[in-house]
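Participant: For reference, the chains in residue letters:
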Amino acid sequence: MHMPPRPVDATLHGVVDYQAGALLTTVLPKLAGIEGTRAARQIRTAGAFHAGYSTVTDYPLGIVKLLPFKAHLALDAVGAVALAATPFITGQFKEGRRQWLPHVALCLFELASLAMTDPTGRGDFHGDVDAVREANLEDPHRKIYDGGPAVVRAA
Amino acid sequence: MKATVWSGRNTVQVENVPDPKILNDRDAIVRITSTAICGSDLHLYDGYVPTMKKGDILGHEFMGEVVEVGRGVDNLQVGDRVVVPFPIACGNCWACRHELYSLCENSNPNAGLAEKMFGHPTAGIFGYSHLTGGYAGGQAEFARVPYADVGPLKLDDDLSDEQVLFLSDIFPTGFMGADFCEITGGEVIAVFGAGPVGQFAIASAVMLGAERVIAIDQYDYRLQMARNRAGATDVINFAEDADVVEQLKALTGGRGPDAVIDAVGMEAAHGHGALHAVDRVKQATRMQSERGHALRDAILACRPGGIVSIIGVYGGLMDKFPTGALMNKGLTVKAGQCHVQHYIKPLYERIRNGDIDPSFVVTHRLELGKAPDAYETFKHKLDECVKVVLKP
Chain A
1 MHMPPRPVDA TLHGVVDYQA GALLTTVLPK LAGIEGTRAA RQIRTAGAFH AGYSTVTDYP
61 LGIVKLLPFK AHLALDAVGA VALAATPFIT GQFKEGRRQW LPHVALCLFE LASLAMTDPT
121 GRGDFHGDVD AVREANLEDP HRKIYDGGPA VVRAA
Chain B
1001 MKATVWSGRN TVQVENVPDP KILNDRDAIV RITSTAICGS DLHLYDGYVP TMKKGDILGH
1061 EFMGEVVEVG RGVDNLQVGD RVVVPFPIAC GNCWACRHEL YSLCENSNPN AGLAEKMFGH
1121 PTAGIFGYSH LTGGYAGGQA EFARVPYADV GPLKLDDDLS DEQVLFLSDI FPTGFMGADF
1181 CEITGGEVIA VFGAGPVGQF AIASAVMLGA ERVIAIDQYD YRLQMARNRA GATDVINFAE
1241 DADVVEQLKA LTGGRGPDAV IDAVGMEAAH GHGALHAVDR VKQATRMQSE RGHALRDAIL
1301 ACRPGGIVSI IGVYGGLMDK FPTGALMNKG LTVKAGQCHV QHYIKPLYER IRNGDIDPSF
1361 VVTHRLELGK APDAYETFKH KLDECVKVVL KP
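Protein chains in written order, with the working numbering: chain A, 1 to 155; chain B, 1001 to 1392.
Hints were generated in silico from the structure; no laboratory data involved. Since we're looking at a predicted model, the values are computed, not measured. Glycine included, every Cβ here is placed at the ideal spot set by N, Cα and C. Just to be clear, a hint being listed does not mean it is correct.
What the hints assert, rightly or not - Straight line, CA to CA, 30 Å or less: simulated DSSO-like cross-link-like pairs of lysine-lysine:
(1) A/65 <-> B/1282
(2) A/65 <-> B/1334
(3) A/30 <-> B/1282
(4) B/1282 <-> A/70
(5) B/1391 <-> A/65
(6) B/1002 <-> B/1391
To be verified - Below, a sample of chain A positions facing chain B; criterion: calculated Cβ distance under 10 Å:
(7) 101
(8) 104
(9) 128
(10) 129
(11) 146
Please model the entire structure based on the sequences and the hints provided.
Facilitator: Structure follows, in structure tokens:
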């Protein structure tokens, strides 16, 4: 099935990861008016966890490239849903809108970001490489690996 | 006729457009038999070169058969097989008389634009934005060639298109990069970028007598081509170890290469995540026009008193440029769009003599209609793509 192009590649996704991690762990709880509550602790924990596994993701902004990019995206999705569900599991949603709305908003942002991210990490690729492969009159692999030197070294 | 046209960022289409016509006595019309996608076309494709307009015909590497000549062209005849240099040069101005053809003072009708960007106008170039004249390019069935009495090289042998096509750009460009390095025999040359121009820079350094040629890239298949076909003696994959400067020092007893060639240009990738991210975000938001990490590393790696040869395409301004290293190490910088008309005949002789078979870089040969998919495949380095030749 033909999928529409997803414009966010692995690098841009990484930029958003670190920015979101930094925002969640620092000023976002204060901006959301929940500083000092357990909702703030939950959001800071989510931000730290997000930034943490970003550092070990196998993408251009990963520091130690252990976690495959697709696994990172799966963690994003699971983490987003878990964050949104937390206030409803703990019952804190009864304490007012501020105790659950930031969680749900962050979940929706994360899911929107995932919808725009190319799971291959290539971003806006929209070509048909199979058609190119089929129409190609050359054999790339042979040209690269099997041919001898194409240049005569200076005497 | 059919032509590959730019339709916006990351979009090209093959469309029917009006056939070119003779507009000047010194024009010729060429029926194109082979044309190629250049790495620098990707800068247009990616939207980083200003003054592109929807419908502009792309392509500056092409060859074919002369089908019409203007009254002022007396060195070409209908039926001649020619390769066309990518810079358009009048042959009469100060720059042309000094064989600095890519600096021709007469061939860029939009000289004012270039003057604002660069301080001085530069030559017109086929299919390379209105900054370089807005000329229709050669990824098409036909092209109008201005100053046809100066540029095109007439071919009189049975070499294949793929063996001579790259005389239009990437072979002379790579050769000029090596020529800048003043190779006299025994030097160590590092080449940043193992794309098509990098492959020819490597091969040219080998031909000119460099003792060691070190290829640097992040794609293993390109490094394999550099080693197996172009003659690189060493390779560095910066995806595996991003500290290219230290690796070059380690390979050269701590001294650094005698000369470095930047065959990357304005969209360099880099293994250091944070720095790459900063460059990429600043370029994407137009806060700088160049992602210049290859050039930064080239300057830092080059030995004191060495030469930095820049043949990768840059368009504007770069942040974090290591001026201190450049000055204090006493480096010589040589740069430029290639003066193809200066190099084309001697390099043609080298091909005829069997010194080099330029067709080694061609990994994809496709009909012109496949250009949109070919651009994507080339841009994303898929299917072991190094060089795409299109057949109109």
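Participant: Now, for every hint given, state plainly whether the structure supports it.
Facilitator: Right, here's what the structure says about each hint:
no.	hint	result
1	A/65 <-> B/1282	holds, 24 Å
2	A/65 <-> B/1334	violated, 38 Å
3	A/30 <-> B/1282	holds, 29 Å
4	B/1282 <-> A/70	holds, 26 Å
5	B/1391 <-> A/65	violated, 41 Å
6	B/1002 <-> B/1391	holds, 11 Å
7	101	violated, 30 Å
8	104	violated, 29 Å
9	128	holds, 5 Å
10	129	holds, 5 Å
11	146	holds, 8 Å
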